[in-house]
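Model the full structure from these sequences, guided by the hints.
Chains as they are written, first to last, in the working numbering: chain Y, 1070 to 1251; chain G, 27 to 167.
Derived from the structure by calculation, the hints contain no laboratory data.
Going by beta-carbon spacing under 10 Å, a handful of chain G positions derived as facing chain Y:
| hint | residue |
| --- | --- |
| 1 | Phe-50 |
| 2 | Thr-54 |
| 3 | Ala-55 |
| 4 | Trp-57 |
| 5 | Leu-63 |
| 6 | Asp-66 |
| 7 | Leu-89 |
| 8 | Asp-139 |
| 9 | Gln-141 |
| 10 | Tyr-144 |
| 11 | Met-147 |
We treat Cβ as the ideally placed atom computed from N, Cα and C, and that holds for glycine.
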Amino acid sequence: MGEVKGTHKRSLEVPGYRIKPKWDLPGLRRRQSHKGKNSEAGLSLTPMIDIFSILVIFLLMNFSTTGEIFFINKNIKLPPAKNTNPLESRPLLSIVGNNVVFEMENKVGLPTRIEESLDQLHQLKLSLEQLKNRHQKLHPNQSFKGDINIQADESANFGNVKKVLRVLTEKGWTAISFATRK
Amino acid sequence: MAAGSSRNLNLTPFIDLFSVLICFLLITAVWNQIEALDIDMNQTSSSLGGNAEEGKVHLAVNLLSDQLVLTEDGAVMRYPHKNKKPDLAALTNQLRQWRQKYPERHDVVFNTDNQISYGSMIEVFDSLVGSDWGEVGISTE
Chain Y
1070 MGEVKGTHKR
1080 SLEVPGYRIK
1090 PKWDLPGLRR
1100 RQSHKGKNSE
1110 AGLSLTPMID
1120 IFSILVIFLL
1130 MNFSTTGEIF
1140 FINKNIKLPP
1150 AKNTNPLESR
1160 PLLSIVGNNV
1170 VFEMENKVGL
1180 PTRIEESLDQ
1190 LHQLKLSLEQ
1200 LKNRHQKLHP
1210 NQSFKGDINI
1220 QADESANFGN
1230 VKKVLRVLTE
1240 KGWTAISFAT
1250 RK
Chain G
27 MAAGSSRNLN
37 LTPFIDLFSV
47 LICFLLITAV
57 WNQIEALDID
67 MNQTSSSLGG
77 NAEEGKVHLA
87 VNLLSDQLVL
97 TEDGAVMRYP
107 HKNKKPDLAA
117 LTNQLRQWRQ
127 KYPERHDVVF
137 NTDNQISYGS
147 MIEVFDSLVG
157 SDWGEVGIST
167 E
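Laid out in C-alpha cells, this is it:
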C-alpha cells in the first residue's frame, strides 16, 4: 500500500502513532509552527552584561580618590600641559576677564569669595595679609610657605596675570601653582 | 537540562550590583584631570635680583609676540613663531644644548611680553620643565 497524501484518492489506513501528520494542510502547518515557538519576548542578557562590565571597568580606571580639588570657573578654559604635578588643596585665585576672584576660608572655616577688578586689588591684598597673619598665629613655629593656586583662561592676557603675581610676591605668597589640564 | 540554560547562575543580583556600581561611579567620576605647574617666586627674585653669582652664565628665555629669544650671557638666539605659535621644537633643541653645556644647572629666567597669552606662556613653561630646566624664574616686570 503506497502513501497517499492530500485530497487524492486514498485507501483507508489504520490510524497509528504519528509524530507529525502526513497531510500537508496550511492551517495545520500554522498551528504546528506556533506550537514550537516561544511566545515570550525574551531579553538578551549577554550583551547587556558585556556592556555593564565594560562600563564598570572603564569607570573604575577613571576613578580618582582625590576627587575634585576645586571647581573650574565656567568662563575659564585651562591651558594644557604635560610635565605637571598633582594639584593640592590651597586658596584659589581665578582670573576671569578683567576681574580677580579669590576663594578662601574665613575665620570660622566657611568658604568666602572676593571679586574685584584687576585695576584695584585692595581687597585681595587685605585678604592675603589676613590669611598670612592667621597662619602665622596658628603655626608660630612654622615658616609661611605662601601656597596658592591660580587658574586663568588660556586666552587671557599674561600682563593681567603678572599684576596678580606682583601682588602675591609683595604679600609673601611665593609658592604659586598654575592650574592646567592634562 | 536544555542547553544554554542559566539555572546555576542567578543573574538578577549580578545585574543589580552592576547597575548600582555604574550609577555610583558615574556620579563620582572625574572627567577633567587638573594638575599644576609649580613655581617658586623666591627663586625668581634671587635669579633676577642682585643675588646672581659672579661668573655664573645668565640664561634667559624671552617670549615675545612674534619670536622666542634665548640669551646666554651675550649670545642671542632668535626663533620666530611658526603659525603664530612659539617654535617649541627649536626651544627644546636649544635647551638640550644648554643641558650638555651646563649639566649641573637647572635655573633659567623666563621673561614674557605683557601681550602674550597665558596659554602660550604655559606652553613654553611646560617645555622648560620637560627639558629638565625646572627652576624657572618668571619676571613680573
